Each structure stands twice: as C-alpha cells, then as structure tokens.
Amino acid sequence: MSRGRIFGAAALALAALTLGCAGPAAHPRTDARVVIYAEPSSLSLVGNPDNNSAQIASMISDGLVAYDARGNFAPMVAASWDVAPDALTITFHLRDGVRWQDGTPVTSRDVAFTLSKVRDPAVQSRSWVSLFADVTGLETPDDRTLIVHYSKPYADALDAWRVPLLPEHLASKDSDFLNGAFAHHPVGCGPFRFVSHEPGQNVILEAFDGYWQGRPSIDRLVVRIVTSDRTGYESLLLGDVDLMAVPSDLWRESLSSHRAVRLARFVYYRLMLWKIDWNQDGSNPFFTDPRVRRALIFALDRKRFAATVVNGLARPAAGSYLPESAWTDPSIAPIPFDAAEAGRLLDEAGWHLPAPGSVRVKDGKPLAFTMLLVAGSQEIADRIAAWMQESVRAVGVDMRIEKLEWRAFQERRKTHRFEAAMASNVVDPTPDQFDLYHSSARNGGFNYGGFSDPETDRLLEAGRMTIDPAARRAVYWKLQARLHELEPMSVLFQFSQPVLHDPDLLGVTASPVGLFSFTPGPRAWHWAGATPSR
Amino acid sequence: MTAAARRLVTAAVTLVLVTLIVFALLVALPGDASGDDETARRLPDEYRAALRAQYHLDDPLAIRYARWIGDVARGDIGASLREHRPVAAILRERLPASLALNGAALAVVIMIATPLGIGAAWKPGSSLDRAGLAATTALYAVPVFWMALLLQWLFAVRLGWLPLFGIEGDERAGGSLARTADIFRHLVLPVTCLSYGSLAYVSRFVRTALVDAAAGDGGRPARARGATALRYVTVHGTRQAAVPLLTLAGFLIPRLVGGSLLVEEIFNVPGLGSLLFDSVLGRDVPVVLALTLLSGTVTLAAITGADLLAAWADPRVRHGR
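Protein chains in written order, with this note's numbering: chain C, 518 to 1051; chain L, 2 to 322.
If you are wondering where the hints come from, they were derived from the structure by calculation, not from laboratory data. There's no promise every hint is true.
To be verified - Partial selection, computed: residues in chain C whose CB lies under 8 Å from chain L:
#1 Pro638
#2 Thr744
#3 Glu751
#4 Leu755
#5 Gly962
As the list claims (entries may be wrong) - 20 Å max Cα-Cα, derived SDA-like pairs, lysine to any residue:
#6 C:Lys920 / L:Leu282
#7 C:Lys931 / L:Gly32
#8 C:Lys931 / L:Arg43
#9 C:Lys931 / L:Asp59
Note that the structure is predicted; figures quoted are calculated from it, not measured. The C-beta atom is built at its ideal place from N, Cα and C for all residues, glycine as well.
Can you make the complete structure from the sequences, with help from the hints?
In structure tokens, the structure reads:
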C-alpha cells in the first residue's frame, strides 16, 4: 500500500467523518477465506518457519510425502520409495508429471537443492534442519530418482521429507534467501500458487491449474491475518470470513448465539497436550519419588473438570501418546480420580498428615511446592492451576502458583530452576518422543524435569532403530507402560479444537496436525454446487 | 555555544541514554531471541551455535551496544532477530498505517478540542464551559476496548455501514479513488477510538492557556480598547497563549509514531504498537531499539522545535527571564 494513498484516505477521513458508506461487496462463492492469528514469519517455504508460515508453505509446495488425515505418511511428489534392508539407504521414485507453478518439471535435483537450503544456517530453517541430522549424502542418478544415505537407521526418516520442495532454477538466484525475490514471491509445486501478501492484512493464493492431483475446486484461498480472535469471530458471523478455528470461550458463545446458528461446526483433537514437568533432579525433596508424582494426579477429578469447566472440550490424557496415534497402547487408561489412593501413596512415600486439614510433612519439611505458569496467553492455564491447587489441598499438599511471561518461563524450565511447571505442548504424529524423555534430553531437549531411567532410554533408542512396524509398535507399547508406571511428567488433558465454517463450504476435514498441513486438506474444499476438484 | 546548539546537543545525549537504558532493560530480561518456542524441535548444537554467532548473542553487552550505535551512525539500523530481514523494511511496512491512524486522530482531536477550548475560555464558568467539561471528561472515562467493541457492534455488525477491522479490503480492483474511499471507511472506527479520550485534556489545555493569557498583561489593555469578548479570546488571547499551545503541540506530535496496542489489536491495524509489543516479547533487540530511536527522535525534535518556536514567539523565553 502506498503512503500517498493512506494519507489521502486520512485527509478524506478528516473531511467527512460521519459519511455513511455502502456495505462490503458480496464475495464470489469460489474463494475460501480463512483466519490465522499472526503474520507468517516468512513466505520462503522453508526459511524461518513458524506454524503460520508452515501452513501457508504446505499449500504452495508439496513435499515428497505428507501426513494424511490420520497422521500416516502418504506419497506426494514421491510416488513410492524403497528402504534398504540395513535401513541406511532410502530410494525415492519421483512421480511423473509434477510441475512447478511456472511449468518446469520437478526433478530430483530440486529435492537435493531443497536440503542444501534447509541446512544453510542463514536460511534459519529451524523446524526442519534437525530432521535431516542423520542424512550423510544424496545421489540423483536421474531426474526421477533420489537416493538418500543415512548414518544410522531412523524409523521416522520419512518425516523430514514432508519439507516443501524448492525449485532450484528460481530459488537459487537470491544471495540473501530470506530477503530475496523468491521469499517475496515463492513458487512451489503444490495446489495453490502465491498471488500477493499485504503485511498484517492477508496472504492471497490461487488454484494452480497444472497441479498434479488436478486443480483444486476453490479458486482462491484468502488467508486473513487477524490478531484478535474476537474480531475474527465477528467477521465470520458477518460472512467476511468462511472458516475459522475458535477458542473455547467463543465456541461456547456461538452455541447460544442466534447469529451463529447458520454456521457448520465440528471439533477435532489436535496433538496438543497440557503437561506438568516435575523437577526430579534432587533440588526439591518431592518429585524424585514417582509415588508423589502419581499421587498428585490421583487427587485430580479430571473428568469432572473437563465436563464442567471446559464444556467437554477436553479429555483426560493417559500420557503423551494420544489416542489418535496408531502407536498408542489403547489398554492404558488415564489415572482415575481416587483421593484415597493419593493419600495412601503419599503416606507410603513418607509424607504424613500431622493433623486432618493440615499440610503433609516428611523429615520436618512440608509438602509445599510452587507451580510455574505462563502468564497472559491462555486463561485456561489459570483455571487448571486453581482447580489443581484446590484438589491437592484436599490430600494435604500445598501448591503455590507463580506466573511468568513465556520467555522467562522457558528460561526457568531450560535451566531447571523450578519445582513444577505447567504449559501446553505440541507433539508430532510420529511415535519417537526421544526429546521428551531421554536422559540426554535434559539439556537442549524437552526433558526439563531431568527424568532419567535406563530402561526408558533403552526403549527410546530401540524405537528409533526398529523399522518393522509391528516390532516397533511393541517397543512403544512397552515404553508407554513404563512411562505410566513412573509418571515422569504428567499429561493432564488433551484439548479439542472447535472449528466454525460456512455451511456451504464443503469437504472441510481436520487431521491431528490441523486443517491445512496434511493431504487432502484444502485440496478437497469446495463450495456447494461446485465439483470437488476440477 | 548558542542556546539552540546547546539544546541540540542535550537532545542527542538524551537520545543515546534512552536507547542505552532500553537496551540494558531488554538484555536483563530472561530469555533471548535464539528461537526457542513451543513447537521448535531440538536444534543440533552446532546449528544453534551458528545461529547465536550470526546475531552476536554471545558477545559482551558493551560490544553489542557499541556495534549497534556504530551501525546507526552509518545509517544502518540492523536486522530483526525474529523476522531475519532489515528493520528498516519492517518499519516501512508498519509506519504508514500508524501515521495515517495517529495523524487522523490527532487532527480530529485538534479540530474538535480547539473550538471547545475557545468556547469555554470565551466565558469561563458559563454553562457552555461546564457542559464541555462534563462531556469530554465523561468520554475520557470510557475504556477504549469497551468503546471499540461497542462501535464495532453498532456500525459493523448491526448497521453494516463500516468494516469490522483492517485498513483495506481484500479486493484491489477499482480506481485509486475507490481504494482511498475503502481505506477511509476502514479508518473511521479506529480513529474515533484513538481520539475521543484526548478531547478533555486538549480542550482544557487550550481553555486554560487562553484564560491565563486573557488575565495577563495582554488581555486587559485589549479589553480596555473595547475588543469584544470573542475577539479578545480568539485574536489577542491566541497570540498571548502561543507559548503554552506550542508546548502542547510538542507533546502531541510524538503520538504520530507512538503505537496504540489496544486499538491496533482490536481493529487489526498493522501498526507500530503491536510491532513493539511483539518485539519485546520476542526479545527482538534491534526492532525495539529502532522503535525507541524513532519515537525518541520525534519526541525530542517536537519538544525542541516547540521550545525554539516559543523562544522566537516570546522574547522572555528567549532571554531566560
């Protein structure tokens, strides 16, 4: 937008503040307008990605593989692949007829180029680079074949190849990749091509006629950047937006609002969980004992909280392996509410109640700890903490609450200066949770509490190396049983994500990773009366 | 050294001190911009080290600040640690919206508050004076977020006259006149929210300046010569009140580049307020320093300019009497 135009508008605003104007023009029922809550950090497809830019990138360019609606790998630009018996080599066979949005064919050299960009620190490809850590070399014997060599077997090696591909002939021209021409006008091989970006306002994409799966049915995907969820919700009600994931308070409101009656709605479970890290490095006398950790969870009536406080938009979790995953042992149930069992475990661990209604004591020390929370971002954290405080008080435990701004909170967790800390956490559909539980993940990983158990370490390492799916599932079922017994961290809830959309926008489905970054995603969206894919 | 030169040197030193304090506060906060967030996967150690080196996060603080001030002296305000692009490019995107919004709000305030102040000063204590005071004070007491939601509900939801948010519609087709009208429609509600709260302050300031001037040395002779009440307030009073009014302008002009986080968030305006907020939370030191430098420069320039103009308008100020 030019400065002159804005000044002109400002001058007009002064001249006629009270002038009434016509309402917005009716929009063509061929576009889909969706909301994201923050500016994408980069449009360069792989550079400096946050969640928003990753979602947009997944619309512009495909990877060799993608998650399907269940979180399994589906073939995309790679039609098939062979894994060598030693699992140190994977050979990808690229699909015929896949073209970049400028008409040039996609080749294996483009894939090799993409990896070279991801590995360049100047590209800041932080969420992709670690997935390629074990890749030692690539070969491109012909345009359709890519051979990848690994330093060690990794059962989730395919995960990295979801990376959106870059066209070498266009993306190699910029010396400063993040600020060059390509980053401002990305070209991919995905279902939608980039049209325009107004910073702070929107990103507009349009259907790619030459898409290898066939042109998407919706003509344009308008991604509105709306920082206030209330504002986004109101524009959904006004018909200025067609689809939006809403927070639980707006969902509740929409259930009783006559203006929201016409909207279609559904909820789905994302791979997002609320977990508590218990610091068990010996700096406090409480949480090195698994009985104390388990007792605190027995003290919580999670079913009641989920049903009443959050209107059923959450469910108690058994652990960090969620029921959506094919790797989860369905026989492991969440720890039930049982205050008597909580008391028994605490007694057994040596924390005794001196008098009814008092705080438990062991060796003269009271069972009193501080729970760290992230301030401001989500009021649900306050509600969970207040409920938990009251629940553990009933079994003689004194929990105090300390709230910190996100980076300060994260600094305390990473340097292990806390007793307990609660935050939400996103997990991947892949079953490898090495960085959550392995003893080596205390520094640099997400094992903030410093949990250390040789059997867990062994199972985590075996899970990474076991390629056969049945054998691998057996490893992860054993791991889940071990984690359930030791409760190294406590996953309280899995929250569901409500979605509201125009009832005429059909084909909208969700996956455990959201509404966009999976196949089919928006490729299958279509307006009532239009064909699903042209 | 002349008085004016002394003022300029003081302003420059103040500016450096302000950025130094902001820098020190930012680096004293826990956490940095090295890219840890909820969904980031564990980074390879050598890659993490390369990132930190790229942005000099491990250098001594004095060197980091000295490097920044040296770059600024050469006209380079650095690159954002979060967005990895030049801060100047980010400001170029954000500044127009803030200037348009705040400029329009400032103009609305002056155009409404000045006549209110003159009217009040015309007959101090009259019913006009008291009604103006009551109305503007009542507006001053209304919280902005509440007013914003009320206006959105009324004009966007109920009546459908104005857009709910944004500074421009999605459609780029149409001539520049249509586009200008579109931007204007988007600006009405946020400008209203940004301006109503200042009416009380500015109109009272104008009134007090005029009343004081009228009571002073210039007022009585004018009245003695038979000037009407209105004429003495508008012509003689304004001339006498030039110094306090210039001071007021010195305080109002910096608002042009100041952000209003609440209004920007509610109306989804990509301005400087939300940029500052996000940059502090993200520990994006170069962006926060650039915004400090920008608002500091405009503030000092406006105040210094107002002082110099006041000295020119009133010899007593010039000669320090």
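Structure-based check of all given hints:
1. Pro638: Given a least distance of 4 Å, the restraint on Pro638 (chain C) holds.
2. Thr744: holds (5 Å)
3. Glu751: holds (6 Å)
4. Leu755: Check passed: Cβ of Leu755 (chain C) comes within 6 Å of chain L, closer than 8 Å.
5. Gly962: This interface hint holds because 5 Å falls under the 8 Å limit.
6. C:Lys920 / L:Leu282: holds (15 Å)
7. C:Lys931 / L:Gly32: holds (10 Å)
8. C:Lys931 / L:Arg43: Between Lys931 (chain C) and Arg43 (chain L) the Cα gap is close to 12 Å, so the pair holds against 20 Å.
9. C:Lys931 / L:Asp59: Given that 20 Å is the threshold and the Cα spacing comes to 17 Å, the pair holds.
Checked against the numbered hints listed earlier, the structure breaks none of them; every hint is satisfied.
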